[in-house]
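Asker: Let the sequences and hints guide you as you build the complete structure.
One-letter residues, chain by chain:
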Amino acid sequence: MGKQRGIEILVGLFMAVGFVALFFLAMQVSNLSAAVNSDGYRLTARFANVGSLKARSPVSMAGVRVGRVEAVSFDKDTYEAVVTMRIDAATDTIPDDTFANIFTAGLLGEQYIALEPGGSMKYLRDGDEIAHTQSALILEQMIGQFLFSKAGGD
Amino acid sequence: MILEGLARLGRSGLGSLERIGRAHLLLAGMVLGIGEILRRPGLLIAQLFNIGVLSMLIIGVSGLFVGMVLGLQGYYVLAQFGAAESLGVMVAASLVRELGPVVTALLVAGRAGSALTAEIGLMKATEQLSGLEMMAVDPVRRILTPRFFGGVLAMPLLAAMFSAVGVLGGYFVGVGLLGVDSGSFWSQMQSKVDFHEDIVNGVIKSVVFGVVVTWIALFQGHDSVPTSEGVSRATTRSVVHAALAVLGLDFVLTALMFGE
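Sequences listed follow chains A and B, in order.
The numbering of the first sequence is full-length UniProt numbering, which starts it at 1 and goes up by one.
The numbering of the second sequence is full-length UniProt numbering, which starts it at 1 and goes up by one.
By construction, these hints were calculated from the structure, which means they are not laboratory data.
Glycine included, each C-beta is placed from N, C-alpha and C at the ideal position.
There's no promise every hint is true.
Claimed, not checked - Label pairs and their computed distance ranges (CB to CB):
1. 244/B / 4/A: 18 to 24 Å
2. 32/B / 8/A: 42 to 48 Å
3. 135/B / 16/A: 54 to 60 Å
4. 251/B / 117/A: 24 to 30 Å
5. 16/B / 4/A: 57 to 63 Å
6. 32/B / 77/A: 55 to 61 Å
7. 244/B / 44/A: 46 to 52 Å
8. 55/A / 24/B: 26 to 32 Å
9. 251/B / 16/A: 44 to 50 Å
Answerer: Right, here's the structure in full:
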């Protein structure tokens with residue numbers, strides 16, 4: 001009886017350690033703790049080019065993350081990219097003349113949307129569209145323009 | 001002469017088909033015997049002890065060292081691109097997606113799978129399985145089913161331990177020895193490792209490996225030639241086949257899960 005009980009305790013310990021390890025992976029290693037919460041509101045923005053912006057990319061204001069990109073789709077009539085963002089409910093004072101830029105974090109980093117607030121007293125609400133946008137900078141285009149202006153300057 | 005060769009080819013083809021059929025019948029028998037472990041949970045607990053608890057030490061030590069090596073190697077490569085802060089992502093993603101499930105399955109095949117094959121093979125060679133049958137006890141349900149479910153349950157838990165200990169090993173080397181910033185190690189990891197994409201898929205992988213490794217081990221034991229030589233051959237085959245099946249299946253599962 002004593003031996004059987006010892007085995008049961010060890011197996012219980014084994015299973016507990018296994019579940020603790022799974023819990024550790026879920027909460028500490030993965031993004032489950034910072035999962036996209038479904039509250040908050042949606043904004044859309046149209047860009048001529050989104051570069052490598054993807055769903056789940058951060059949306060930030062003044063360098064602080066205030067939301068995430070929910071979806072990136074293509075409008076076949078205007079040939080523009082439509083980005084749907086989910087903004088945290090706490091950030092409900094985004095002016096309607098806000099400027100949306102696509103920037104890159106670091107030289108090789110991921111792309112994110114930076115919102116620059118305008119001066120309007122009217123705020124964007126769920127489903128609104130950000131009118132002023134600036135596309136992602138494509139490295140090849142910039143190099144091309146640089147070479148072109150160099151050649152023109154001579 | 002030609003007919004003789006053809007007949008030999010046909011015989012070996014039919015023989016392998018028969019083996020595949022017997023293996024699947026055994027799997028079906030073990031899965032259908034699940035009622036036996038619900039009636040006698042003690043049988044399952046004893047096997048969880050044999051397969052799970054006794055494998056914890058080797059899994060923990062291997063996970064720690066694999067994580068530490070990943071931290072070291074990853075740092076030297078990433079530092080060349082000025083991206084040493086991404087070390088956490090690299091260590092966690094490679095452990096959770098690939099190394100955790102695969103290395104755990106290989107270690108379990110070597111440590112517990114070979115033991116299962118030898119145990120079942122010896123039981124067959126010493127006619128203990130026939131003895132059970134004589135007493136109207138189904139040996140598949142009584143002996144094989146608890147071992148099968150023990151392996152299937154233990155594998156994902158062991159893989160989770162491996163990955164968790166490995167991430168900590170990578171943390172000790174990366175943050176403790178090489179001076180990567182602790183905050184960016186964890187925050188980059190958390191922003192890039194996805195719960196459903198990475199963790200859940202890793203667990204699904206290890207459940208599949210658990211089924212395959214224990215199934216192969218039990219089938220090889222159950223199907224072995226009941227002599228000492230036959231048991232030793234079956235043990236070798238069990239480890240080799242399990243390792244090949246795990247590596248091959250890993251490619252298929254990865255292509256299905258992470259390919260877009």
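Asker: For each hint, tell me whether it holds in the structure or not.
Answerer: Against the structure, the hints come out as follows:
1. Distance hint check: the CB atoms of residue 244/B and residue 4/A are about 37 Å apart, inconsistent with the given range 18 to 24 Å.
2. At roughly 26 Å, the beta-carbon separation of residue 32/B and residue 8/A lies outside the given 42 to 48 Å, and the hint is violated.
3. Our hint of 54 to 60 Å for residue 135/B and residue 16/A is violated, since their Cβ atoms are close to 37 Å apart.
4. For residue 251/B and residue 117/A, the hinted distance range of 24 to 30 Å is not satisfied, since their beta carbons lie about 50 Å from each other.
5. Here the CB-CB span from residue 16/B to residue 4/A is close to 42 Å, at odds with the stated 57 to 63 Å.
6. For residue 32/B and residue 77/A, the hinted distance range of 55 to 61 Å is satisfied, since their beta carbons lie about 58 Å from each other.
7. Look at residue 244/B against residue 44/A: about 51 Å separates their beta carbons, and that is inside 46 to 52 Å.
8. Evaluation of the 26 to 32 Å hint for residue 55/A and residue 24/B yields a failure: the beta carbon distance comes to about 41 Å.
9. Under the hint 44 to 50 Å, the C-beta atoms of residue 251/B and residue 16/A, about 33 Å apart, miss the expected range.
Violated hints for the displayed structure, listed by number in ascending order: 1, 2, 3, 4, 5, 8, 9.
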